[in-house]
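Place chains C and Y on chain L using the hints.
Chains as they are written, first to last, in the working numbering: chain L, 194 to 614; chain C, 778 to 877; chain Y, 751 to 919.
Treat the hints with care, as some may be off.
Stated by the list, open to error - Straight-line Cα separation of at most 30 Å, DSBU-like style, residue types lysine-lysine; simulated pairs:
no. : chain 1 : residue 1 : chain 2 : residue 2
1   : L       : Lys267    : L       : Lys277
2   : Y       : Lys776    : Y       : Lys839
3   : C       : Lys876    : Y       : Lys776
4   : L       : Lys277    : Y       : Lys776
5   : Y       : Lys839    : L       : Lys349
6   : L       : Lys277    : L       : Lys235
Said to hold, decoys possible - Over 12 Å on every C-beta distance to chain Y, these chain C residues come out as not near it, computed from the model:
no. : residue
7   : Leu874
8   : Leu875
9   : Lys876
No lab work stands behind these hints, which were simulated from the structure alone.
Using N, Cα and C, we set each Cβ at its ideal position, and we do this for glycine too.
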Amino acid sequence: MNSVTTFLTQDGGFWVLTLVKIALLLFIVLTVNAYLTWFERKVVALMQSRVGPHRVGPHGLLQPAADGLKFLFKEDVMPGGVDKFVYLLAPFLALTLALASLAVIPFGPNPLPFRFFGHQIDLFITNPSIGLLVLFSITALGVYGVALAGWASNSKYPLLGGLRSSAQMVSYELSMTMSVVGVLLMANSFSLTDIISQQDSSKYGLLSWNTFTFHGGFPQVVGFLCFFISAIAETNRVPFDLPEAESELVAGFHTEYSSFKFAMFFIAEYTSMITVSSLCAILFFGGWNSPFPATWTFTHYIPSLILIPSGLWVLFDGLKYETIFGKLVLPVVGTVIAGIGALLLAGIWIAPLHDVNEYIQGPFWLLSKILSFLFFYVWARGTLPRFRYDQLMNIGWKLLLPVSIANVIVTAAFVLFRSAS
Amino acid sequence: MVPTQYYLILSAILFGLGAVAFVVKRNIITIFMSIELMLNAVNLAFVAFSQAKGKLDGQVFVLFVIVVAAAEAAVGLGIIILTARNRRSLNIERVDLLKL
Amino acid sequence: MSPALFVFFLLAALAVIGALSLILQKHPIHSALSLIVVMVSLAGLYLLLGAEFVAAVQIIVYGGAIMVLFVFVIMLLNASAEEHTDFSKLAKFGGLPLALALTGLLAAAMIHDGGSVSNSGGTDITLASTSGISMMLFSTFVYPFELTSFLILVAIMGALVLAQREKKT
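The shape of chain L in the complex, shown without the other chains (with noise of 0.2 Å):
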């Protein structure tokens, strides 16, 4: 028992921290992965007039399990004469490289209170100081899992569809890098605790985000724009889908892959909306500064505000459903969120929920950031019809790379005179 103790006191605590952050950011991510295919498909279809899912759990909630088991037990169809390592290796490459970018995403600003066996435990994986150069690089060698399955599935759609897509991740690639030099230059940094560090003035609230910043730099409007939009690209979502459509290529790259492979591209593409959307966040937004000044003590109760009604909604949901089984769970769920939301509000009066309200500010600013972004990104679904290969190409080289890097021009100019004067 003793020698356990002084191994992990030392360095081999650290990896087991690691190890056990790892695996719990993995399996939070998977579950959001999951509910986002949900929230997607109830979105889109209320934007549709329809219900979306609704029989498999109370709301369609258990739709992602029946997926995921559908997925295991599908056969698994190898077409013929294809290279099978370059086959097998392109859905596992996509995978960890999506996954592996959520590594440096930095959750909360404090570490927790307490530590374990002398670590400190902080709320990211690691933290270096080319964080968003890493992220990059992620991104960058994220266009093999495309081309690669197109090129192995030995048929022609796919191969037009990996081709078309990587073409047009590597264009999205330059305008998605220039437009974030903007936040660079305002945050002398590249890790990304710093550049949420810099964008936090207590006084201001949200005017010191980067987009609305005015005592920093230059608001980077523009830059926010444009990373949107190629990140949505850069991801293959609609409007820039072509490549993937179902009534143009049959499924593009990913034709000829079926069950768990074709799970393996479909957790990637939202793993990576998941991180471009953070990625939205931090930069531009703020990460996890809150949009109202410190000084406003009161806002911190803001998720209990936002906690109680929902939690409260569920429960009367929950005690008129149809079936009995959401008769049951729904009332659970809801007095579960109302529960947390009462706890939190309770700080008021007792001093150690105090403590726990000011701890998860940090948390619960950024992943609601991180919500709405998915909902945008959901919207843009729902909404608008996807754009042609030659506009969509047209729009990368010919309107977002000049706007970028007037972008970092303008920027520029404005942060030397602002340190100039």
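Same frame as chain L, but now just chains C and Y:
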């Protein structure tokens, strides 16, 4: 701390392997890739020396080598595409006459 | 064995295996994938040497752009596995010893007393790698920097001219 000699030996091994690949392989694209391997080996030597001497000049030179390799790859692959179109083969033994 | 030495041997083994695989594979796409493995392991080695910006540029430019170009060309030209060719007797029996001789000569030349190289001049590694490199790029090396941008422009024009379709006259 890893001694600098280890990095230099690795760089020499990679360079030797790149040179062997350049001579042995018959596919034009693979020969071109072996040139990139040799350039990478040289980059490793540069960065190893940069760390050993404590100066940043080696890393700046590596950036220049990477940029030049990119430009060379773009033009070289254009030439390869044209050659493959004209000779209808990627085997370098077929590209041995000036006449098509 | 310190952790740094262990990581070094791991990445070095990965790089050498990738380079060997480049030679031994028959299909050019497998050679391309092996070269990508070499480049990523070299990026890891650069990180081990403390050159973080160079490591990131290596992956983004070399692994994410140049090798993508290679993979595209292999796919577009529909390259297939190599045909078997007969080597000359000299190549078959003299090849391996000559290759070993080349590698040994290079290694010996590089390791041989590097202390004779003067240590003056150049910028010290005091700042973070990125700031230091950018300072040097825009002050000491600004002329080569502008020349490389010109070089890239020429390369773009060259690639465009070479790859365009023949004009039907």
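Here's how the hints hold up against the structure:
1. L:Lys267 <-> L:Lys277: Judged against 30 Å, a Cα distance of about 20 Å means the pair holds.
2. Y:Lys776 <-> Y:Lys839: Answer holds: lysine 776 of chain Y to lysine 839 of chain Y is near 21 Å, not above 30 Å.
3. C:Lys876 <-> Y:Lys776: 28 Å, holds
4. L:Lys277 <-> Y:Lys776: With Cα atoms ~14 Å apart, lysine 277 of chain L and lysine 776 of chain Y stay inside 30 Å; holds.
5. Y:Lys839 <-> L:Lys349: 43 Å, violated
6. L:Lys277 <-> L:Lys235: 37 Å, violated
7. Leu874: With a cut-off of 12 Å, leucine 874 of chain C remains clear of chain Y, as the shortest Cβ separation is near 17 Å.
8. Leu875: 18 Å, holds
9. Lys876: 19 Å, holds
Violated hints, listed in ascending order, are 5, 6; each of the other numbered hints is respected by the structure.
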